[in-house]
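> Next come the chains, spelled out residue by residue.
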Amino acid sequence: MGKNIFRSLLLGLVMVLAIQLVALAADNQFSGVQITVQMQDHSATRAIQKLLPDFEKMTGMKVNLVILPFSAMKEKQLIELASRNATYDVIMLDYRDVAGYGEARWMIDLGQYIKGPLADPNLKLDDFLPTGVQSLTWKNKLYGFPFYIESTMLMYRKDLYDANALKVPENWDELYANALKLNLDTNKDGQVDFYGCTLRGLRAVGYNDYIYNGFLKSFGGSYFDDKWKPIFNNENGMKALETYIKILKDCGPPSVATFGYEEVMQEMMQNKTAQVIDATMLGTWLEDPEKSQVAGKNGYAMVPKGTVQRGNSFFGMGLGIPVFSKNPDAAYKFIEWATSEQVEKSFINEGAFMTRSSVLNTKEFKERWPLFANLIIDSLADANITYTPILPEWREVADFVSIAVSTALIGEKTPKEALDNAAAEVEKVMKKAGYY
Amino acid sequence: MTKTRRDNTPQWILIPTITFILLLTTFPMAYSLYNSVMDTNLLKPYLGSTFIGLGNYFSLLQDGRFWGSVWHTVYITVSTVVIEFLLGLGLALLLNREMAGNRITRTLILIPFMTTPVVIGLIWRFLFNYDLGIINYVFRIFHLPQVLWLSNQSVALKSVVLVDVWQWTPLVALILLAGLQSLPIEPYEASLVDGCTPWQQFRRITLPLLSPSILMVLLIRTMDAIKMYDLIYVLTEGGPGTVTETISYYLYVIGFKLFYTGRAAAGSYILLIIITLISMLFIKLLRGQYQEQP
Numbered sequence: 197m198g199k200n201i202f203r204s205l206l207l208g209l210v211m212v213l214a215i216q217l218v219a220l221a222a223d224n225q226f227s228g229v230q231i232t233v234q235m236q237d238h239s240a241t242r243a244i245q246k247l248l249p250d251f252e253k254m255t256g257m258k259v260n261l262v263i264l265p266f267s268a269m270k271e272k273q274l275i276e277l278a279s280r281n282a283t284y285d286v287i288m289l290d291y292r293d294v295a296g297y298g299e300a301r302w303m304i305d306l307g308q309y310i311k312g313p314l315a316d317p318n319l320k321l322d323d324f325l326p327t328g329v330q331s332l333t334w335k336n337k338l339y340g341f342p343f344y345i346e347s348t349m350l351m352y353r354k355d356l357y358d359a360n361a362l363k364v365p366e367n368w369d370e371l372y373a374n375a376l377k378l379n380l381d382t383n384k385d386g387q388v389d390f391y392g393c394t395l396r397g398l399r400a401v402g403y404n405d406y407i408y409n410g411f412l413k414s415f416g417g418s419y420f421d422d423k424w425k426p427i428f429n430n431e432n433g434m435k436a437l438e439t440y441i442k443i444l445k446d447c448g449p450p451s452v453a454t455f456g457y458e459e460v461m462q463e464m465m466q467n468k469t470a471q472v473i474d475a476t477m478l479g480t481w482l483e484d485p486e487k488s489q490v491a492g493k494n495g496y497a498m499v500p501k502g503t504v505q506r507g508n509s510f511f512g513m514g515l516g517i518p519v520f521s522k523n524p525d526a527a528y529k530f531i532e533w534a535t536s537e538q539v540e541k542s543f544i545n546e547g548a549f550m551t552r553s554s555v556l557n558t559k560e561f562k563e564r565w566p567l568f569a570n571l572i573i574d575s576l577a578d579a580n581i582t583y584t585p586i587l588p589e590w591r592e593v594a595d596f597v598s599i600a601v602s603t604a605l606i607g608e609k610t611p612k613e614a615l616d617n618a619a620a621e622v623e624k625v626m627k628k629a630g631y632y
Numbered sequence: 025m026t027k028t029r030r031d032n033t034p035q036w037i038l039i040p041t042i043t044f045i046l047l048l049t050t051f052p053m054a055y056s057l058y059n060s061v062m063d064t065n066l067l068k069p070y071l072g073s074t075f076i077g078l079g080n081y082f083s084l085l086q087d088g089r090f091w092g093s094v095w096h097t098v099y100i101t102v103s104t105v106v107i108e109f110l111l112g113l114g115l116a117l118l119l120n121r122e123m124a125g126n127r128i129t130r131t132l133i134l135i136p137f138m139t140t141p142v143v144i145g146l147i148w149r150f151l152f153n154y155d156l157g158i159i160n161y162v163f164r165i166f167h168l169p170q171v172l173w174l175s176n177q178s179v180a181l182k183s184v185v186l187v188d189v190w191q192w193t194p195l196v197a198l199i200l201l202a203g204l205q206s207l208p209i210e211p212y213e214a215s216l217v218d219g220c221t222p223w224q225q226f227r228r229i230t231l232p233l234l235s236p237s238i239l240m241v242l243l244i245r246t247m248d249a250i251k252m253y254d255l256i257y258v259l260t261e262g263g264p265g266t267v268t269e270t271i272s273y274y275l276y277v278i279g280f281k282l283f284y285t286g287r288a289a290a291g292s293y294i295l296l297i298i299i300t301l302i303s304m305l306f307i308k309l310l311r312g313q314y315q316e317q318p
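Chains as they are written, first to last, in my numbering: chain V, 197 to 632; chain C, 25 to 318.
A few of these clues could be false.
[Unchecked claim] Only pairs whose alpha carbons sit at most 25 Å apart, straight line, appear in this in silico DSS-like list of lysine-lysine:
hint : chain 1 : residue 1 : chain 2 : residue 2
1    : V       : K624      : C       : K281
2    : V       : K425      : C       : K281
3    : C       : K68       : V       : K425
4    : V       : K272      : C       : K68
Calculated directly from the structure, the hints in this document are not laboratory data.
Using the sequences plus the hints, can you model the full thing?
So, in structure tokens, the structure goes:
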């Protein structure tokens, strides 16, 4: 017994020494440093997770990856930042939070690193799509490197379009007309059970408002006038909401008010709806034969136009360093690596969420996703990050807009009442925040 | 002469408990009272926090969404407590008889309230699913209309009530059953001699004797229902629109989504006052009950 314990102790000691030797061999200023990285549960994150051992071997640092669903991640992040904890060395940063976090001085300005000695000569900041970098900048300070960005696109059932001799819609009216024709009764019981078009209806910030904001933009609508008075309830806003609701009421599944992007995509993948408008990177789900019953049957197109422009949205996430981090240098090296050209190239197989034009324009990317690679590039180029207001109060504003879309959709209020009500509430918020 | 020394041991023994209570209840209460009179938004630390007296309370009382949440809470509380009590009482009376399979039933009905509310919420969300849920599937088989359990504004709140009733009726039944089984046998024997009908027995003997248990269970369920948060969070997130937002859920939105800690604290105090008033009422009734009995 005693001998065994002695032996295992010795073995343990040898192993500890060995690990230290390996770490020394890596010959790096970060060996032994531990950083904690908080990330959203996302295919880009999964891809990083796979490559992490290489990075750890290369730098000698240890990376704890904390992966959480989107809303839980944001909530946790805010609590940690607001209580000024050093829990996370790197966080995934929603571009709409950049203004608020920047004003609160919670994030490190990465500009100081880019010019500093730590920066990799191959960083190539101008290789990121300009919208990506722009979206993470607030008052001339860059608070994150783009990690994934997306716009929206129309995904439709090409087989059904062809069978019914339908044309890819250029505007909302055409989309609506196509959707009406694709409301089908597949089991002949007299009730529609295959729906013409599905969009997000779920009331939550970043869900129904994400797609609706594209509609608003397409009609030339905006949230505020130049004096920060809410004007999203004007004629343009009304047209946008009425169009959104008309499509969903007449051609959407009955329970669409509870649909987030997962439900929307499920509906499409399970052959229950003819078309959806959602994030560009979700096309990869549709074409995955393991997940999707309709792989190979789909066509992809730019989001239709309203009266003014196309209704595509924009979303992006970056990686940034909270000022409370105890190891900002190591954190910076992680961010630089995770968003590097080389790492992003190795993601091509995993998804279509790239942020660097050098990667988006490779032959590999276009060959991997031939159906929508070019569309993604065009859609991102067309996307406009200021289609919703960038301001520290966006969260409250977006909450009211999301509620307005939802209450109008379920018929609790008319679109006019819902938007007027939201505008009145938003005006209170802006007044309290000191805009007027 | 022997000097009697004062023995301080009892005080010393109490110190841990007192510290514990101070740290865990008194301090948070006092701190949130302080918070409730300050205007703070944690998302804007650069603004600091300013004293605004009862401003947070007033802004809540003028907030239509808050009153909406109060109404939803009242609706949920009244309907769940009434339904759970009636069903629970019936269940308890049934289980109180000597019947085959009674023991196993008593164990089985414990399952709903031994399960975590979050798990229950998730399971019911699947059951309620419009296209894939089993409830609508069964409805389809019997050619009943499909119900939008969670996305129809006039049904969503009732669905929440349904889940809560499913979860908590067993607890009500169990407490009432314990009460039933501890009732004395003599009044029943006497009533039989006097020629009482079973209904008279129930109305004149069982109910009055059971009333302490009844009040107790009503108190527990009312306090719990007023605080309802977890089920809403998992089932509907307050939606569609805001039709299932309860007070607690709305306060969570204010406090942990918008980070107005002051207003959330003020809301919690309003909720606390409501719960305290209701509990006092119940406790008064309970006292009265005990005094009436010999």
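> Hint by hint, note whether the structure agrees.
Here is what the structure says about each hint:
Simply put, K624/V and K281/C have alpha-carbon atoms about 18 Å apart, close enough for the 25 Å limit, and the pair holds. Proposed proximity of K425/V and K281/C is supported: the alpha carbons are some 23 Å apart, at most 25 Å. For the given pair, K68/C sits about 21 Å from K425/V by alpha-carbon distance, which is consistent with the 25 Å threshold. For the proposed pair K272/V and K68/C, the alpha carbon gap of about 17 Å is at most 25 Å, so the pair holds.
Figure legend: structure checked against the earlier numbered hints; every hint is met.
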